[in-house]
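Chemist: Sequence:
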Amino acid sequence: MKRGKSDTRLDKFGAVTRQRSFHVLIALGVLYFFLVTVEIPYLFNSGASSSVSPDALTRPSKLQSEEDLLDKDAPSRPRSWESHTTAASAQPGPTQLLPAKKIALPKNILSSLKFDPETFDPTKKDRSVELHKSAKTAWEVGRKMWAEIERDEFDFLEPKKPENRTESCPNSVTLTGSEFLSRGRVVELPCGLTIGSHITVVGKPRAAHAEADPKISLIKDGGSSVMVSQFMMELQGLKIVDGEDPPRILHFNPRLKGDWSGKPVIEQNTCYRMQWGTGVRCEGWKSNADEETAPYLTLLPAVDGQVKCEKWIRDDNNHSEESKATWWLNRLIGRTKKVTFDWPFPFAEEKMFVLTLTAGLEGYHLNVDGRHVTSFPYRTGFTLEDATGLTVYGDVDVHSIFAASLPAAHPSFAPQKHLEKSIVWRAPALPEGPVELFIGILSAGNHFAERMAVRKSWMRHRLIRTSHVVARFFVSLHARKEVNLELKKEAEFFGDIVIVPYMDNYDLVVLKTVAICEYGVRTVGAKYIMKGDDDTFIRVETVLDEAKKVPEGRSLYIGNINYFHKPLRHGKWAVTYQEWPEEDYPPYANGPGYILSADIARFIVSEFEKHKLRLFKMEDVSMGMWVQKFNRTKAVELVHSLKFCQFGCFDGYYTSHYQSPRQMICLWEKLQKFGLPQCCNMR
Numbered sequence: 001m002k003r004g005k006s007d008t009r010l011d012k013f014g015a016v017t018r019q020r021s022f023h024v025l026i027a028l029g030v031l032y033f034f035l036v037t038v039e040i041p042y043l044f045n046s047g048a049s050s051s052v053s054p055d056a057l058t059r060p061s062k063l064q065s066e067e068d069l070l071d072k073d074a075p076s077r078p079r080s081w082e083s084h085t086t087a088a089s090a091q092p093g094p095t096q097l098l099p100a101k102k103i104a105l106p107k108n109i110l111s112s113l114k115f116d117p118e119t120f121d122p123t124k125k126d127r128s129v130e131l132h133k134s135a136k137t138a139w140e141v142g143r144k145m146w147a148e149i150e151r152d153e154f155d156f157l158e159p160k161k162p163e164n165r166t167e168s169c170p171n172s173v174t175l176t177g178s179e180f181l182s183r184g185r186v187v188e189l190p191c192g193l194t195i196g197s198h199i200t201v202v203g204k205p206r207a208a209h210a211e212a213d214p215k216i217s218l219i220k221d222g223g224s225s226v227m228v229s230q231f232m233m234e235l236q237g238l239k240i241v242d243g244e245d246p247p248r249i250l251h252f253n254p255r256l257k258g259d260w261s262g263k264p265v266i267e268q269n270t271c272y273r274m275q276w277g278t279g280v281r282c283e284g285w286k287s288n289a290d291e292e293t294a295p296y297l298t299l300l301p302a303v304d305g306q307v308k309c310e311k312w313i314r315d316d317n318n319h320s321e322e323s324k325a326t327w328w329l330n331r332l333i334g335r336t337k338k339v340t341f342d343w344p345f346p347f348a349e350e351k352m353f354v355l356t357l358t359a360g361l362e363g364y365h366l367n368v369d370g371r372h373v374t375s376f377p378y379r380t381g382f383t384l385e386d387a388t389g390l391t392v393y394g395d396v397d398v399h400s401i402f403a404a405s406l407p408a409a410h411p412s413f414a415p416q417k418h419l420e421k422s423i424v425w426r427a428p429a430l431p432e433g434p435v436e437l438f439i440g441i442l443s444a445g446n447h448f449a450e451r452m453a454v455r456k457s458w459m460r461h462r463l464i465r466t467s468h469v470v471a472r473f474f475v476s477l478h479a480r481k482e483v484n485l486e487l488k489k490e491a492e493f494f495g496d497i498v499i500v501p502y503m504d505n506y507d508l509v510v511l512k513t514v515a516i517c518e519y520g521v522r523t524v525g526a527k528y529i530m531k532g533d534d535d536t537f538i539r540v541e542t543v544l545d546e547a548k549k550v551p552e553g554r555s556l557y558i559g560n561i562n563y564f565h566k567p568l569r570h571g572k573w574a575v576t577y578q579e580w581p582e583e584d585y586p587p588y589a590n591g592p593g594y595i596l597s598a599d600i601a602r603f604i605v606s607e608f609e610k611h612k613l614r615l616f617k618m619e620d621v622s623m624g625m626w627v628q629k630f631n632r633t634k635a636v637e638l639v640h641s642l643k644f645c646q647f648g649c650f651d652g653y654y655t656s657h658y659q660s661p662r663q664m665i666c667l668w669e670k671l672q673k674f675g676l677p678q679c680c681n682m683r
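Under my numbering, the residues of the sequence shown are numbered 1 to 683, in order.
If you are wondering where the hints come from, they were derived from the structure by calculation, not from laboratory data.
It is possible that some hints are incorrect.
[To be verified] Calculated lysine-lysine pairs in the DSBU-like style (CA-CA distance at most 30 Å, straight line):
| # | residue 1 | residue 2 |
| --- | --- | --- |
| 1 | K612 | K133 |
| 2 | K263 | K286 |
| 3 | K489 | K136 |
| 4 | K421 | K481 |
| 5 | K481 | K136 |
| 6 | K204 | K351 |
| 7 | K643 | K456 |
| 8 | K204 | K286 |
| 9 | K670 | K456 |
| 10 | K566 | K133 |
| 11 | K673 | K549 |
| 12 | K489 | K144 |
| 13 | K311 | K204 |
| 14 | K351 | K257 |
| 15 | K421 | K456 |
| 16 | K527 | K610 |
| 17 | K549 | K670 |
| 18 | K673 | K421 |
| 19 | K257 | K311 |
| 20 | K133 | K144 |
| 21 | K549 | K643 |
| 22 | K634 | K612 |
| 23 | K527 | K629 |
| 24 | K489 | K456 |
| 25 | K144 | K421 |
| 26 | K643 | K548 |
| 27 | K527 | K549 |
| 28 | K421 | K670 |
| 29 | K257 | K286 |
As the structure is a computational prediction, the values presented were derived from the model and not from experiment.
Turn these sequences into a full structure, and let the hints steer you where they fit.
Modeler: Now the structure itself:
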């Protein structure tokens, strides 16, 4: 069939169209390849760092309702993320529909850490130089770990199945005495304990020996020295950072001989961040379930219906019991009498015992040879899952240890248990101008619960929500990579964490303090800089008012100040004469909470950058040294107040230290309800 002209035109147009389509497809392919290789990974990186769930994008109404819960006088936040040099400075928009930016490590003064090997003379034992060397090493390791974290988290070209970070743990653990010794007298409980878990220890107390400590071994009348036989069994938690003692969740201390009372006793206590709580002391008198029996027993009088202390035979009981013959005679003639029997002290020298520790609803219960001896209530701040190790030491030989009914997984490695990812708890945007007060909070990588409690308590203060006061957590990298991954997500979501990229070490906490000073004067331009801990409750308005009492223009250093405090020369916290040759430290404020004027903070930053700042292993003492040096050029007004509580809390506080997450919330609720700084002495 012959085609017409019109058909020819259509054919030509069709050919041209097909040719153009082919070129368009090639162009689209090139563009797609460019996006895949260059742009798409960036978009994935940005989107992945956002902590919004996928279905959240379709629920703006719910997010808006949560936003309405924020303070009405809070400034409007930008809809795009701010760009700052520090890890925690990016702030989210109000609708939460924009992807979060990838966290960048702070390009601050800490990157200027240097160590000159030629200046290090090991014969001088200059601890300051050693700290600089340790800091440099920790910084380099931290940088490498952070690079690994970013590589693992943002590797989307080869998608991986999500890791199940819930660790599988054995239901029971059995160790012989020799195995126990070979493991350093520590039984690992990988996933801690749970209600119903029980641990049995079979052992034998050793015979009493003369006390070797000259401070204790006082010579008695007649020339005999003090004889001692005691041992300790402790439930302990994992170490938070290197160099810091693990928390003693339960300290059980039977003293067969050697107690100051001269009688066998049992003491129980806990130690949180190297500070002992109120102890329970059992001295052979039975505690009643409805009353307190001794000044030590300041907690609940009974635990799961069990008394704290059972009675045992004492040589000063003044018994007036009827003889067995009289008792049997009364039974024969029909007179009933309740049978009473006093057990001996549950432990004896060179005599085998079987001790069983059980986790109940309200506390720990200890039975010896099948008989209940004592119970100890749980202390706020510790959970059963924190009890990840058992140690037994002292004058005792352990024959075997058996633990059973243990949990199969450790929930602490699941931060979602603690983190409530609601925009209500997010940090407000940084203000454009300077602020009056910046609060830097020292925290550890795995302190998810502590940070969440701070967000839900004093960080809700009106001055912080309106950005007149700025608060940020300062956190170093944890030894566990999964903790760092969760920390990174937490920082991206809440916008209130500055990640200082060095491996956490107790001796290097001082570096976080330097970072707080740098952030306070350079990023937010604060008039006053305050340092606190994540277990310190801060009355924001009150501490700011205290700073304002000092006349304008004067340098200030406010806190619970120690005067003429002497360094320890022996023990774990010993300070050598090479480290500090003088007999007294300079005046320094206790670390849980103190305030500086901005000029002192700028001086600290400047001295650090010039490598003239002396680093000391105790952060609060270091600050006292720096303030003393600054005082040589300009007078500093020192303001001392006991209301910056170093140990615990008392009514009328400005700050309260060693407050558990539960206590933090309680303190805030009391402030809101009564308007008074009242303590929550929950144990």
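Chemist: Below or equal to 30 Å on CA atoms is what counts here, so check K204 against K351.
Modeler: 6 Å, holds
Chemist: Would the pair K643 and K456 pass a check requiring their Cα atoms to be no farther apart than 30 Å?
Modeler: The given pair, whose Cα atoms are some 23 Å apart, holds under the 30 Å limit.
Chemist: Taking 30 Å as the top limit, are the C-alpha atoms of K527 and K610 close enough?
Modeler: With Cα atoms ~23 Å apart, K527 and K610 stay inside 30 Å; holds.
Chemist: Is K421 within 30 Å of K481, Cα to Cα?
Modeler: 21 Å, holds
Chemist: Holds or violated: K634 and K612, Cα atoms, limit 30 Å.
Modeler: Since the Cα atoms of K634 and K612 sit roughly 18 Å apart, the hinted pair holds (cutoff 30 Å).
Chemist: Has the given pair, K489 with K144, been kept, meaning a C-alpha gap of at most 30 Å?
Modeler: Given pair K489, K144 holds - Cα atoms ~18 Å apart, limit 30 Å.
Chemist: Are the Cα positions of K133 and K144 separated by 30 Å at most?
Modeler: 17 Å, holds
Chemist: Mind checking the alpha carbons of K673 and K549 for me, to see if they're no more than 30 Å apart?
Modeler: Holds, at about 27 Å.
Chemist: Holds or violated: K263 with K286, Cα cutoff 30 Å?
Modeler: 15 Å, holds
Chemist: If you draw a straight line from the CA of K144 to the CA of K421, is it 30 Å or shorter?
Modeler: 29 Å, holds
Chemist: When you check the alpha-carbon spacing of K351 and K257, does it fall within 30 Å?
Modeler: 14 Å, holds
Chemist: Given the hint that K670 pairs with K456, test it: the Cα-Cα distance must not exceed 30 Å.
Modeler: This hinted pair holds, its Cα atoms lying about 13 Å apart.
Consistency note: the structure conflicts with none of the earlier hints.
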